[in-house]
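**Q** The lines below spell out each chain.
Protein chains: 2
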Amino acid sequence: MMLGEIIATGTELITGRVADFNARYAARRLHEAGLAVQRITFLGDRAPLFQEILLQGLRRSQFIIITGGLGPTEDDVTVAAAAAALNLRLFQDDGLLARIRRCLAARRIPWEERYARLAYIPEGALILDPGGMACGFALRHRDTRLYFLPGVPQEMQALFDTFVLPGLVAWAGNGAAIVQRTLRLFGITELALQEIVSALPEFHDGVTVGYYPTFPETHLTLTVQGRDREALAATLDRLTAALAREVDDVLLGPEEATLEELVGQLLREQGLTLATAESCTGGLIGHRLTNVAGSSDYFQGGVVSYSNQAKLDLLQVPAEVLASRGAVSPETARDMARGVRTAFHADLGLAVTGIAGPSGGSPAKPVGTVYIGLATPQGEDVWHYIFHGHREEIKTLSAQTALDRLRRQLKK
Amino acid sequence: MMLGEIIATGTELITGRVADFNARYAARRLHEAGLAVQRITFLGDRAPLFQEILLQGLRRSQFIIITGGLGPTEDDVTVAAAAAALNLRLFQDDGLLARIRRCLAARRIPWEERYARLAYIPEGALILDPGGMACGFALRHRDTRLYFLPGVPQEMQALFDTFVLPGLVAWAGNGAAIVQRTLRLFGITELALQEIVSALPEFHDGVTVGYYPTFPETHLTLTVQGRDREALAATLDRLTAALAREVDDVLLGPEEATLEELVGQLLREQGLTLATAESCTGGLIGHRLTNVAGSSDYFQGGVVSYSNQAKLDLLQVPAEVLASRGAVSPETARDMARGVRTAFHADLGLAVTGIAGPSGGSPAKPVGTVYIGLATPQGEDVWHYIFHGHREEIKTLSAQTALDRLRRQLKK
Numbered sequence: 023m024m025l026g027e028i029i030a031t032g033t034e035l036i037t038g039r040v041a042d043f044n045a046r047y048a049a050r051r052l053h054e055a056g057l058a059v060q061r062i063t064f065l066g067d068r069a070p071l072f073q074e075i076l077l078q079g080l081r082r083s084q085f086i087i088i089t090g091g092l093g094p095t096e097d098d099v100t101v102a103a104a105a106a107a108l109n110l111r112l113f114q115d116d117g118l119l120a121r122i123r124r125c126l127a128a129r130r131i132p133w134e135e136r137y138a139r140l141a142y143i144p145e146g147a148l149i150l151d152p153g154g155m156a157c158g159f160a161l162r163h164r165d166t167r168l169y170f171l172p173g174v175p176q177e178m179q180a181l182f183d184t185f186v187l188p189g190l191v192a193w194a195g196n197g198a199a200i201v202q203r204t205l206r207l208f209g210i211t212e213l214a215l216q217e218i219v220s221a222l223p224e225f226h227d228g229v230t231v232g233y234y235p236t237f238p239e240t241h242l243t244l245t246v247q248g249r250d251r252e253a254l255a256a257t258l259d260r261l262t263a264a265l266a267r268e269v270d271d272v273l274l275g276p277e278e279a280t281l282e283e284l285v286g287q288l289l290r291e292q293g294l295t296l297a298t299a300e301s302c303t304g305g306l307i308g309h310r311l312t313n314v315a316g317s318s319d320y321f322q323g324g325v326v327s328y329s330n331q332a333k334l335d336l337l338q339v340p341a342e343v344l345a346s347r348g349a350v351s352p353e354t355a356r357d358m359a360r361g362v363r364t365a366f367h368a369d370l371g372l373a374v375t376g377i378a379g380p381s382g383g384s385p386a387k388p389v390g391t392v393y394i395g396l397a398t399p400q401g402e403d404v405w406h407y408i409f410h411g412h413r414e415e416i417k418t419l420s421a422q423t424a425l426d427r428l429r430r431q432l433k434k
Numbered sequence: 023m024m025l026g027e028i029i030a031t032g033t034e035l036i037t038g039r040v041a042d043f044n045a046r047y048a049a050r051r052l053h054e055a056g057l058a059v060q061r062i063t064f065l066g067d068r069a070p071l072f073q074e075i076l077l078q079g080l081r082r083s084q085f086i087i088i089t090g091g092l093g094p095t096e097d098d099v100t101v102a103a104a105a106a107a108l109n110l111r112l113f114q115d116d117g118l119l120a121r122i123r124r125c126l127a128a129r130r131i132p133w134e135e136r137y138a139r140l141a142y143i144p145e146g147a148l149i150l151d152p153g154g155m156a157c158g159f160a161l162r163h164r165d166t167r168l169y170f171l172p173g174v175p176q177e178m179q180a181l182f183d184t185f186v187l188p189g190l191v192a193w194a195g196n197g198a199a200i201v202q203r204t205l206r207l208f209g210i211t212e213l214a215l216q217e218i219v220s221a222l223p224e225f226h227d228g229v230t231v232g233y234y235p236t237f238p239e240t241h242l243t244l245t246v247q248g249r250d251r252e253a254l255a256a257t258l259d260r261l262t263a264a265l266a267r268e269v270d271d272v273l274l275g276p277e278e279a280t281l282e283e284l285v286g287q288l289l290r291e292q293g294l295t296l297a298t299a300e301s302c303t304g305g306l307i308g309h310r311l312t313n314v315a316g317s318s319d320y321f322q323g324g325v326v327s328y329s330n331q332a333k334l335d336l337l338q339v340p341a342e343v344l345a346s347r348g349a350v351s352p353e354t355a356r357d358m359a360r361g362v363r364t365a366f367h368a369d370l371g372l373a374v375t376g377i378a379g380p381s382g383g384s385p386a387k388p389v390g391t392v393y394i395g396l397a398t399p400q401g402e403d404v405w406h407y408i409f410h411g412h413r414e415e416i417k418t419l420s421a422q423t424a425l426d427r428l429r430r431q432l433k434k
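Note that the protein sequences, when read in sequence, are chains A and B.
All residue numbers for the first sequence refer to the working numbering, where the first residue is 23 and numbers rise by one.
All residue numbers for the second sequence refer to the working numbering, where the first residue is 23 and numbers rise by one.
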């Protein structure tokens with residue numbers, strides 16, 4: 023197994039001013055690709071300590087990924103410090119210099135002498151050019167591969183995905199390629215998912231599976247390696263299909279689309295409009311639906327019916343239902359869904375009523391009791407849940423479950 | 023200046039499975055206290071590498087904080103590895119063993135032999151006992167102080183705040199104490215805040231100021247050190263008051279209370295009820311208000327009026343206003359606020375209408391144009407903003423500004 027390490031430089035990291043993104047991102051991707059990270063180090067901009075850590079890494083690691091310190095200011099010491107430690111001459115790369123001038127001109131940033139620093143790289147370095155402003159470079163020192171990447175997360179991520187991971191995987195696998203896909207699931211525990219996956223024969227060989235609980239969802243990353251990129255993509259399709267056969271209901275799809283985007287796509291495809299009646303979620307469902315650009319095409323709006331008066335006046339929930347069944351009951355959820363559908367002239371009405379806590383529970387209806395109602399032209403459905411957690415967790419689970427109930431209904 | 027480092031152990035850190043909390047928390051608190059962290063290292067559970075990093079740290083650092091690896095399982099190697107590296111005998115502490123038995127019994131966890139491991143500490147170690155389940159310990163080795171803390175963030179944080187930081191500050195300052203306070207501000211840039219703070223004579227001596235942009239707010243941490251804890255708290259009060267004289271409007275208060283909690287307190291004190299009419303925020307204001315336990319005492323609910331029809335039907339915005347002024351206009355914001363106040367029989371009506379983008383803008387009303395309306399028994403106010411950012415940022419800024427406008431009005 024190939025062993026490596028990550029060195030992230032920047033005063034903002036060792037003073038705790040910002041949270042690390044780069045090291046964790048690289049560590050996760052490398053782990054999924056079967057490449058082990060044995061150490062992650064955060065350092066400031068002091069050259070001697072950086073050089074010491076770098077030389078330690080050379081003795082111990084087959085790859086070292088260094089982020090940050092490639093900029094034009096005085097505290098960007100990475101390149102010069104690394105060259106000195108490795109006994110390499112720094113030289114100005116003409117192509118890189120011309121490229122920097124072009125980039126600055128395109129952004130209408132006036133040239134300054136300090137930008138010339140950016141064009142200096144150690145002899146033998148291979149420039150990693152993603153086509154944007156920030157470049158990185160790779161270096162081979164004896165048996166260790168070194169990658170120098172910028173500290174800005176988007177720039178680091180682009181270079182890492184384009185050059186570093188494929189390069190390391192090809193090296194480790196003697197020319198192999200790597201393809202990854204992350205799937206979102208909701209409504210299944212990580213343990214149950216692990217059991218299902220380990221029982222599937224398709225998953226027995228040649229695929230690495232990573233589980234990432236991302237409350238309230240579980241994300242699953244599939245990694246395959248081999249010669250032929252297209253064949254690998256086909257393998258991922260086959261694995262996804264095999265999983266879908268087992269857990270179709272809880273499989274939301276690829277990481278890229280959120281649940282509210284999936285719901286929006288289904289509504290748009292079917293030409294349906296939606297209105298929401300929210301009690302314990304307080305507006306969270308509407309907030310999530312409207313995070314999607316263009317949601318006004320299908321989302322009409324909603325009522326946050328926190329008071330009983332609002333349920334009576336705006337949603338036409340009958341007073342006798344509220345009095346005999348209570349605000350948190352299947353009947354009220356049904357009538358809220360029906361009422362909001364009518365009030366907004368929508369095709370579908372989605373309603374949630376429940377007890378988010380910490381107070382308001384009773385033995386018959388404990389904190390976490392939630393009813394979800396869905397009204398369609400064909401009639402109403404109601405679902406009953408008891409969620410566990412803090413107030414905000416119960417709100418999150420209620421909104422997610424309501425959106426997911428709607429998604430499942432639309433998929434039928 | 024006292025120099026130190028942090029070693030965080032755990033496979034979950036070097037595989038990127040979880041984001042680091044402990045190291046960043048400690049680094050930030052230490053930095054604010056004027057204690058410099060020169061290196062942060064994440065390691066797995068391999069003893070040799072941990073021992074190597076530990077011994078390097080002893081040569082270079084006056085303090086080392088180690089988190090994780092104190093548990094009862096086989097991969098919790100920290101204590102034994104550290105004792106071996108430092109040439110210290112491990113012994114079982116009877117008091118600690120009794121304490122572990124008591125904790126397990128209180129939680130009805132049956133005793134297992136592996137828990138006995140938890141009672142072994144190196145000779146000379148001082149047990150750090152916060153009264154909960156997890157203990158840590160401190161050790162002095164030549165001129166370096168070592169702190170061993172559990173990896174569970176809440177446990178680590180409690181031990182760090184109670185023992186580590188005060189201990190280091192007292193040591194560095196020859197018996198000094200440290201008191202910190204974080205303030206929330208909204209509606210001021212970090213740069214403008216820095217200028218105001220640096221012009222205040224109260225801030226010229228003896229206080230360290232840290233700026234932490236926490237979108238959409240700016241958080242400011244004040245740190246003072248000295249002999250007398252009560253005098254330090256009084257100093258922080260004086261500093262807070264001096265700042266409040268300059269920036270009263272934008273100073274929300276101490277970190278502990280969110281904006282929606284502040285609004286809730288003010289409504290509760292004044293015995294007022296609130297209803298919301300949300301267009302571009304889609305329910306986010308209601309969501310935030312209802313994150314506060316007990317908010318049903320003052321929050322009646324709201325209307326998410328995404329469609330014009332909802333503005334007409336449920337909020338009684340006159341059709342001629344919508345036709346002549348448009349859905350995004352000061353008149354519509356005013357009428358939405360007025361309408362929702364009436365519909366919910368509330369004392370106050372808060373309304374937001376705007377263009378969150380990315381489409382829907384025009385030269386006269388670009389993306390980011392937002393009107394906020396507030397209806398009270400005395401009449402209506404309307405404010406106009408142009409926010410910049412992505413869709414979700416514009417929603418966040420709109421909701422935050424609407425809640426802040428309400429807060430300012432209630433404070434008058």
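Any given hint might turn out to be false.
[What the hints assert, rightly or not] Quick list of simulated restraints, FRET-style, between CB atoms:
| id | chain 1 | residue 1 | chain 2 | residue 2 | range |
| --- | --- | --- | --- | --- | --- |
| 1 | A | Ala386 | B | Glu224 | 44 to 52 Å |
| 2 | B | Gly275 | A | Gln338 | 53 to 61 Å |
| 3 | B | Ile149 | A | Pro152 | 49 to 57 Å |
| 4 | B | Gly275 | A | Gly411 | 50 to 58 Å |
| 5 | A | Val40 | B | Gln73 | 38 to 46 Å |
| 6 | A | Asp183 | B | Gln400 | 51 to 59 Å |
| 7 | A | Thr184 | B | Gln73 | 33 to 41 Å |
| 8 | B | Ala128 | A | Glu252 | 56 to 64 Å |
| 9 | A | Gly411 | B | Arg290 | 21 to 29 Å |
Since the hints were made in silico from the structure, they are not lab data.
In this text, a Cβ means the ideal position worked out from N, Cα and C, and glycines have one as well.
**Q** Against this structure, judge whether each hint is valid.
**A** Right, here's what the structure says about each hint:
no.: 1; hint: A:Ala386 / B:Glu224: 44 to 52 Å; in the structure: violated, 57 Å
no.: 2; hint: B:Gly275 / A:Gln338: 53 to 61 Å; in the structure: violated, 41 Å
no.: 3; hint: B:Ile149 / A:Pro152: 49 to 57 Å; in the structure: holds, 52 Å
no.: 4; hint: B:Gly275 / A:Gly411: 50 to 58 Å; in the structure: violated, 28 Å
no.: 5; hint: A:Val40 / B:Gln73: 38 to 46 Å; in the structure: violated, 30 Å
no.: 6; hint: A:Asp183 / B:Gln400: 51 to 59 Å; in the structure: holds, 58 Å
no.: 7; hint: A:Thr184 / B:Gln73: 33 to 41 Å; in the structure: holds, 37 Å
no.: 8; hint: B:Ala128 / A:Glu252: 56 to 64 Å; in the structure: holds, 59 Å
no.: 9; hint: A:Gly411 / B:Arg290: 21 to 29 Å; in the structure: holds, 25 Å
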